[in-house]
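Going down the list, the protein sequences come from chains A and B. Here the first sequence stands for residues 1 to 611, where the numbers follow UniProt numbering. Here the second sequence stands for residues 1 to 220, where the numbers follow UniProt numbering.
Just so you know, these hints were derived from the structure itself, not from any lab. Positions of the beta carbon are idealized from the N, C-alpha and C atoms, including for glycine. There could be a bad hint or two in this list.
To be verified - With a cut-off of at most 25 Å between alpha-carbon atoms, the simulated SDA-like pairs for lysine to any residue come out as follows:
#: 1; chain 1: B; residue 1: K69; chain 2: A; residue 2: E123
#: 2; chain 1: B; residue 1: K121; chain 2: B; residue 2: E177
#: 3; chain 1: A; residue 1: K127; chain 2: B; residue 2: Q114
#: 4; chain 1: B; residue 1: K62; chain 2: A; residue 2: E34
#: 5; chain 1: B; residue 1: K69; chain 2: A; residue 2: R42
#: 6; chain 1: A; residue 1: K126; chain 2: B; residue 2: E189
#: 7; chain 1: B; residue 1: K121; chain 2: A; residue 2: F128
#: 8; chain 1: A; residue 1: K506; chain 2: A; residue 2: T554
Unchecked claim - Which residues of chain B face chain A? A partial, calculated answer using Cβ under 8 Å:
#: 9; residue: M22
#: 10; residue: F59
#: 11; residue: V61
#: 12; residue: R93
#: 13; residue: D126
#: 14; residue: L153
#: 15; residue: A154
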Amino acid sequence: MAQQVSLGSLQESEREAILQVLYRDREVQNTEAERIRNLKTRLQHLRWKGAKSVSQEYKEKSCARCQQTLGLLLNRGAVCQGCSHRVCSECRVFLRRTRAWKCTVCFEDRNVKIKTGDWFFEERAKKFPTEGKHETAGAKLLQSYQKLSNKISVVPPTPPPLSESQCGGGPARLQELGQFKGFNKSVENLFLSVTTHMKKLSKSQNDMTSDKQHPEMVPRQREGRPERRSQSDTAINVTTRAGTPDILKPLGPESPRRPTSPVLKQEDISSSPVLNTSFSGGLRQGSLISINSTCTEMGNFDKADVTGEIEFAIRYCLRTHSLEICIRACKNLAFGEERKKKCNPYVKTYLLPDRSSQGKRKTGVQKNTVEPTFQETLKYQVELAQLASQQLQVSVWHLGVLTRRVFLGEVIVPLATWDFEDRESQSFRWYPLRAKAEKSEDSLPTNNGELAVRAKLVLPAGPRELQEAPEGTGDEPSQNGQLCLVVLGAKNLPVRSDGTLNSFVKGCLTLPDQQRLRLKSPVLKKQACPQWKHSFIFKGVTPSQLRQSSLELTIWDQATFGVNDRFLGGARLGLKEDLPGGAHTSSQAKLQWQKVLSSPNLWTDMTLILH
Amino acid sequence: MASATDARYGQKESSDQNFDYMFKILIIGNSSVGKTSFLFRYADDSFTPAFVSTVGIDFKVKTIYRNDKRIKLQIWDTAGQERYRTITTAYYRGAMGFILMYDITNEESFNAVQDWSTQIKTYSWDNAQVLLVGNKCDMEDERVVSSERGRQLADHLGFEFFEASAKDNINVKQTFERLVDVICEKMSESLDTADPAVTGAKQGPQLTDQQAPPHQDCAC
Ligand SMILES: Nc1nc2c(ncn2[C@@H]2O[C@H](COP(=O)(O)OP(=O)(O)O)[C@@H](O)[C@H]2O)c(=O)[nH]1
Ligand SMILES: [Mg+2]
Ligand SMILES: [Zn+2]
Ligand SMILES: [Zn+2]
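For reference, chain A alone in the conformation it holds in the complex:
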């Protein structure tokens, strides 16, 4: 049945037919790669959800999945074979036809392995450990074909490439490939280049049928160029070693990503079922960090009319567990000071929701330009899984005289759906700058959680005395009133990346004469929702004093090496109006505070929103 077709015409049609197939396959593989990315993102979210709840309440013995407390006798939980975490009975899924179970996350993990085909790649790796995971033969064929083509374009080829016109009739896709000089090499080269990828063919390679033996090889050998094969071998090796850019071209569905570390790979996710990194000293590299500038986030700043764009790239480095934001440039920025036509721009980033000073990164300030070039990389050391819950805020500011800052625009990139594996999304892009969203937390105070307190004004006499106390003459500590405050606990605090905090509360009562009484709670370690239940007692204060005083409660995360404690949030109680740049008093807190002052010797419970 094997037809005897003239080699020349067969080659051209073969080449076209095979390249067609390779391209069709590439499309299928691209679709598949996208589907797999989506799946893995979803798994990442699930893991993150499991991990997040750790921060809700830290418990020694709780289900790793739902955080339900595990008992000593009943519902003791059992260790999942997949992840070695102890889980409650609700969070187990029994596998069909077996008595084996996995925890919900491991079960999902298993599902993902099925859905992504990773089970197969893992099995296959036992035999072909060097085989790229999703690298398909088609991608390799295209790649090696191209490499070969490139090689031929560099070294004067023998025989010389055929004329361009030979591919003239091909479809547009093929024309695209036609720009590679070697395109018109016959499909034999394609075969040859693939051959070099493989070990010596086994004896079973020998013809099993009556088909003609290697018709495409025959002319070559007759031409007396036995070195051809090794020549193309070398070509491929050289190209691979040199890592020439053509490898990076988006040719195959998977191969272009090979050189970078694929980020959402199964094993990477599974190796960190629970978030386990904390911010470390490493996070300072490559960026300026201003400590103790938290207040400026709530402070005043001017806003310019937002114009222009910013160019940056977002990458995640698996090796160093760091998110890197490469800030390149801005263009068409608004003037920070329109009348003076002045602009000294710099770029600032946060990984929202963390707005603490530790989460801030800044570039240097460029002077007198609305087209600044930064070329700076801002880095965050953070687990990849953690990013699913975060948004990257990139804002541009003008630094004026007396450190007056003018907001020039911002970009917010939700990282949950960011594809760190994709080369496209890793490349530099221009983003239009936007004005702050109406409810932007930068212009309004941030909600950094809630603090529950209980307060009581202790007076030796009854409430009557309070009412009779003369206004404005409150300098009478002899009256010996006491403000008792119990700091119960806080929740929804901006936790560290490991989901915990070593937190403490500072209380500062500022009396009308600006005298300050300061108290501090003990540090509660490793808790996301600390319950200090600690009493602050401010002695020797009178009701009239208190009515003109303010009480500031701030929560801090104790620094590991004692340098700078991290400000988590604060609230202010008191009738005094807001100080610029200070914490705000909500109207509800005002009412509660009034209640405390007007009902001495009675406890008032209140929940303060932390800013």
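Keeping the supplied structure of chain A fixed, place chain B with the ligands upon it in accordance with the hints.
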């Protein structure tokens, strides 16, 4: 000839993501045993008596519903001719399962089965699932390979065995579905027996079995 081939293959592999997972299957065997016809019968329910030799490799996709899952099959059709061997063997590594085909009216194609099997062993993963298919069983009059010989060889090689006809649409669907099932079984095996027997699996009455996929044949 290429244009004829192109016309035979549709181009809507589509960007459809509406499936649960994808299996890659390779059809191998000597030239003209009916690989391409078999695939066309399965994917398009069509049959052409004309023989158009496959150039190198080609594929079709078909999404099937099996065991409560939508499985997208990418089925690779290969040229049986030796001159394409370097290309076709490159695809062995990506395949989870194989249909190894011979022609029951062609002794030579049957004799080559052993060698094709060696190819699989050499180029594919260790758990490659293989179905041996004796095609053209509609041509009973010209049969030269008895069913018994086919079955014996399959047993010897450890493959499952079907006789089929692309022309008369006999056992075509069954072949693919059986292959999908054995791949599913292999998959469950590799996922679940990898773990040692689970110790503390106390099966409380509240066991959440409803989360497990409810099908009989494979735990995928
Ligand atoms: N009678 C009969 N002919 C078949 C059958 N399958 C394929 N053929 C014919 O066999 C020839 C080769 O088929 P083809 O599918 O191209 O074989 P391939 O080289 O293995 O792909 C064609 O003429 C087909 O029409 C079958 O089941 N019965
Ligand atoms: Mg064919
Ligand atoms: Zn649980
Ligand atoms: Zn588990």
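Each hint, compared with the structure:
1. Using a Cα cut-off of 25 Å, the hinted pair B:K69 and A:E123 holds, with the two alpha carbons roughly 22 Å apart.
2. For the given pair, B:K121 sits about 22 Å from B:E177 by alpha-carbon distance, which is consistent with the 25 Å threshold.
3. Taken as a hint, the A:K127 and B:Q114 pair is honoured in the structure, with Cα atoms around 21 Å apart against an allowance of 25 Å.
4. This hinted pair checks out: B:K62 and A:E34 have alpha carbons roughly 19 Å apart, not beyond 25 Å.
5. Under the criterion of a C-alpha separation no larger than 25 Å, the hint pairing B:K69 with A:R42 is consistent with the structure, at around 19 Å.
6. For the hint linking A:K126 to B:E189, the alpha-carbon distance of about 15 Å falls within 25 Å, and the restraint holds.
7. Proposed proximity of B:K121 and A:F128 is supported: the alpha carbons are some 12 Å apart, at most 25 Å.
8. Between A:K506 and A:T554, the direct Cα distance comes to roughly 5 Å. Compliance with the 25 Å bound is thereby established for this hinted pair.
9. Evaluation of the B:M22 hint against chain A yields a held restraint, the C-beta minimum of about 6 Å falling below 8 Å.
10. A hinted interface residue such as B:F59 counts as satisfied when its beta carbon comes closer than 8 Å to some beta carbon of chain A; here the least separation is about 6 Å, so the hint holds.
11. Taking 8 Å as the C-beta contact cut-off toward chain A, the hint placing B:V61 at the interface holds, the least distance being around 6 Å.
12. For B:R93, the shortest C-beta to C-beta distance to chain A is roughly 6 Å, which falls under 8 Å, so the interface hint holds.
13. A cut of 8 Å between beta carbons decides the hint on B:D126: the least distance to chain A is about 5 Å, and the hint holds.
14. Restraint check, B:L153 versus chain A: the minimum CB separation of about 15 Å is more than 8 Å; hint violated.
15. For B:A154, the interface hint is violated, the least distance from its beta-carbon to any beta-carbon of chain A being 18 Å, above 8 Å.
Checked against the numbered hints listed earlier, the structure breaks hints 14, 15; every other hint is satisfied.
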